[in-house]
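K.L.:
Mind docking chain G on chain F? Use the hints.
Protein sequences, first through last, are from chains F and G. This note's numbering puts the first residue of the first sequence at 1, with every later residue one more than the last. This note's numbering puts the first residue of the second sequence at 1, with every later residue one more than the last.
No wet-lab data here; the hints were simulated from the structure. If you're wondering where the values come from, they're calculated on a predicted model, not measured in any experiment. Hints may contain errors.
Take a look, some chain G residues computed to stay more than 12 Å from chain F by CB distance [unchecked claim]:
no.: 1; residue: Arg80
no.: 2; residue: Gln227
no.: 3; residue: Ile305
no.: 4; residue: His324
If we take Cβ atoms under 8 Å as the criterion, some of the chain F residues that face chain G in the derived model are [stated by the list, open to error]:
no.: 5; residue: Ile184
no.: 6; residue: Leu252
no.: 7; residue: Thr304
no.: 8; residue: Phe314
Just so it is clear, CB atoms sit at the ideal spot from N, CA and C, and this is done for glycine as well.
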Amino acid sequence: MPNVAEISAATSRAAAANRRGTARSRAARIGTERVIRGSLLACALLSIVTTFTILVILLVQSASFFAMPQVSAWEFFTGTTWAPLLGEEKHFGIWPLIAGTLLVTSIAAAFALPVGLLVAVYLSEYAPSRVRAILKPILEVLAGIPTVVYGFFALAVITPFLHDHVSESFGTFNALGAGLAVGIMILPIVASLSEDSLRAVPRSLRDAAFAMGGTRFDVSTKVVVPAALSGIVASWLLAITRAIGETMIVALAAGGLASMTLNPAHEVQTMTAYMVQIFTGDAPAYGIEYKSSFAVATVLFVITLALTIVGNLFLRAFREEYE
Amino acid sequence: MHSLGARAHSTTRTRTPGEIVAAATPTSQVGRRVVDRAFLGVCIAFTALAVLLLVILLVSIWQDGHARLSWQFLSAFASRKTEEAGVRAPLWGSIWVCVICAVAALPIGVGTAIYLEEFSKRSRFRSFIQLNIANLAGVPSIVYGILGLTAFARAFGTANSEDPIAFGQPESFFYLQLPFGHGVLAGGLTLMLVVLPIVIVSSQEALRTVPGSLRTAALALGATQWQTTWNITLPASIPMIMTGGILAMSRAIGEAAPILVLGVPLFIRSTPINLMSDFTVLPLQIYNWSMRQQSGFHELAAAGIIVLLAVLLTLNALAVIIRHRLQRANG
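The shape of chain F in the complex, shown without the other chains:
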């Protein structure tokens, strides 16, 4: 609630503004108001235009890709060979790219979702306020680091570590190194969004559980986490969306070989990494490989859009309201 001084200061400012306004006619004021309202509406409409333009570009370019005689939509959506650049016979089956994306994303999620939640529970339920005051900024620093830096980290630190200490089979490019780097990248997203929803759980619920003799562990895992579950799942889905769309880390550390593999030591190519390969000039512009990247982008767009929508629905449908 604003105090009386704030309100009176605001009203005197408003009065001054009004005095400035009196010189002009009422009609002029209404005219100005309309113009401003119109330009603000135009700003808001830009976001719709953006979405619409993305959709049109992706659909038109994908359509012209599928219209090419060498391409069949059936092979694209069911094929397990992705060989757009090599040899005479080109293959456009998207599953190796999806498999690569899923492998990297699963590794990242397996690391970041549980660890992020534990960090969130610690920050929200256990940590003394002094510790929290130090840890929150550290999470913000982690969240602010550009992804290309994590890519370099995967290439220069994580992969050599895996090669030297885990298994010799880890090459320069591998799914595990890239996946862990993506996991570190999405960790702060999970931690800080989950913490926000944990802290939004009202104190009275905790007090009630403590009054029944629950330990902090009981209260956290049986009361607070279930109550905040919609927010936690939403943060997970957002983090997974980020991981799927992440580009620079996988382009640097995962490699460029599209293969159907579940071996984390192998080189894989994700959808985004393929797009980077095409747009950095491995393919002649306007050729079939070039057009194929738009079809891949369409698949990527549809997957991330679906996840975002599911996340928002989840947040709305399962939100537990407390007053």
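P.N.:
Just chain G, lined up with the frame of chain F:
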């Protein structure tokens, strides 16, 4: 809450009273304390792991790159000889692109937020825009690169990219052409699209913190909606809006994927002179250096990262200072 209740019910149904008393005896109390302590230990261990990872990240990059940091590194162009290479072109490219992005994204983003928070009624249309913005925030940045490439760099193929319609001389500072090609303007506008959802959402949050009574007071004095917004609501929320804006800019500076899709040249030995100039940005230069296997480039990439992180740190410090100043100025 229900789970706790459900558990209590099931215990009363399945256990005898004696067992319940037994379950609540000190041994089980001790057991639960042990679980609690162990869980705390696990939480602390993983939190420490996150902090440790950040420390390893920063220390390893510093070790790899600090030897290459010098005035020469900042003032030299990229070079095939690693000992002569520097970040002059990407550093200036990043600054140009970031300024263009800020000039475009802040007014549009804040304008959208004002429309949604202050001018629109709660309607289907409003929630449609809101949903649309939420979805845009989840679109991978590389997809925005495709949009920028098609819309800005090529103008949807309406004009010939090889033979653009030019206004002025290519050497002058006000040179413009259509389509924009892969110049700094196309780069800045593409990044604007990437950060616009962030700017909109953070500005909306800022506007929502302004108490409704202030607006009501202004409106009661006969101020129009815009006069209220301009004189009352915006001044009260500008520190938060600026903070959000600067955070969005630091996201823009770190983005490489959309710029990469635009097809900027890999090797640049000039700084931008006008909106159509060729450019590269720091993250992209770091990417190019990291991709090279030859010795020396690795250190260059690490040194480039240090410069990039220093730029981001400066921006964030700026955000803190601005917030502080404006908060004081507002009383």
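K.L.:
Look at each hint and say if it fits the structure.
P.N.:
For each hint, the structure was consulted:
Annotated as non-interface, arginine 80/G keeps its C-beta farther than 12 Å from every C-beta of chain F; the closest such distance is 18 Å. A Cβ of chain F approaches the Cβ of glutamine 227/G within 12 Å, the least distance being about 5 Å, so the stated non-interface status is violated. Not every C-beta of chain F lies more than 12 Å from that of isoleucine 305/G, the closest at about 5 Å, which undercuts listing it as non-interface. With a cut of 12 Å on Cβ distances, histidine 324/G stays outside the contact zone with chain F, its closest approach being about 16 Å.
For isoleucine 184/F, the interface hint holds, the least distance from its beta-carbon to any beta-carbon of chain G being 6 Å, beneath 8 Å. The beta carbon of leucine 252/F is positioned within 8 Å of a beta carbon in chain G (closest approach about 6 Å), and the interface hint is therefore held. Residue-level restraint check for threonine 304/F holds (minimum Cβ-Cβ distance to chain G is 6 Å; threshold 8 Å). At a threshold of 8 Å, the smallest CB-CB gap from phenylalanine 314/F to chain G is about 13 Å, leaving the interface hint violated.
Of the numbered hints listed earlier, those contradicted by the structure are 2, 3, 8.
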